[in-house]
Amino acid sequence: MLTDFGIILLFLIISVLFVGAGLVTAALLRPSRPNPVKNSTYECGEHPWGGSWVRFNPRFYVIALVFLVFDVELVLLFPWAVVFKDLGWFAFLAMLVFFAVLVVGLAYDWAKGYLEWDKPSPQTPKLEDLVLPKKIFHKQQKDS
Amino acid sequence: MGLESIVFYLFAVIVVASALVVVLSKKIMYAAFSLLFTLFGIAGMYAMLMADFIAVAQIMIYVGGILVLIVFGVMLTTKITGVDVKTGPTGKLNYIAGGLLAVMVAGSLAWLYTSNSWISAPVNETNTSINAVGNLLLTEYLLAFEVGSVLLLIALIGAALIARRK
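First to last, the sequence lines map onto chains W and A.
Counting from 1, position 134 in the first sequence corresponds to residue 134 in our numbering; the numbering is continuous, with no gaps.
In our numbering, each residue's number is its place in the second sequence (first place is 1) plus 1000.
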């Protein structure tokens, strides 16, 4: 009576009910006594400041784009894997060509350094910049 | 009303309600998250039509991939510090053009629905479309399949090139 997708749907419904029922019973049973300290973002005495929006580094975007391409490829692997046994080496070769073309793209991105993890380059102050030159130091000492 | 109709209306309500949130929400992040339910509901519709391969592809590519990209796109936007990302006010002309487009799409869909004589295929419960898709893809449509890999190659190189251009 139930198809395979029907079983998945049942699982989905049950999981939603399970989580929902847990949250609703918790909301009914627990005492509700909020105060400003409890409602703050961190309850450990850390004062949050600024916005919670941060601008993400573009390096994540390229990774996501590459992921999407291989995601599409992965979906096309499913029907291939199902008929692989019937079609034999021909299917294997066909998929090999498919792979080879994509590997060219991956190699290009890799070689061009698009997949490199952009490391931030913080400017560490040099010791000479921090320490006062001796002459100025002595002059200051004399003046004071 | 059979079980099938109940499930259909469940998905239909999910799709339409979340699509309305996508369009009407002022905050772009809510719209992006709401799109998750729209795409998921569409996948459910595909599954109900016994198009299992399309349903899986919908979930893997749209829910798992494109939606992540959209959320990333929102988070990567530069002008977000301190301001809520909101959609700007739209002019009257936009409303008229949008309304006209909506009426046209709805009209053509209605025409399509009424002008066709719909034949419902016999439903075989163990039948899965993935075998047929695989067989056709590797025999009759092999060239299209391989050209698809070239398309993916272009996407792979072009997207990285554009995204990383300094």
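It is worth saying that the hints were derived from the structure and are not from the lab.
On a predicted model such as this, the values are computed, not experimentally measured, just so you know.
Glycine included, each C-beta is placed from N, C-alpha and C at the ideal position.
One or more of the hints may lead you astray.
Said to hold, decoys possible - Listed next, with one range per pair, are the computed distances between beta-carbon atoms:
hint, chain 1, residue 1, chain 2, residue 2, range
1, W, Leu23, A, Tyr1113, 19 to 29 Å
2, A, Ile1154, W, Pro34, 17 to 27 Å
3, W, Arg30, A, Leu1036, 22 to 32 Å
4, W, Phe78, A, Glu1004, 32 to 42 Å
5, A, Ile1119, W, Trp110, 49 to 59 Å
6, A, Leu1036, W, Tyr108, 25 to 35 Å
7, A, Phe1008, W, Pro36, 23 to 33 Å
8, W, Ile14, A, Leu1136, 15 to 25 Å
9, A, Ser1115, W, Phe78, 28 to 38 Å
10, A, Thr1114, W, Leu12, 31 to 41 Å
What the hints assert, rightly or not - Incomplete in silico selection of chain W near chain A, CB under 10 Å:
hint, residue
11, Phe11
12, Phe18
13, Gly20
14, Val75
15, Trp80
(request) Taking the numbered hints from earlier one at a time, note which ones the structure violates and give those numbers from smallest to largest. (result) 1, 2, 4, 7, 8, 11, 12 and 13
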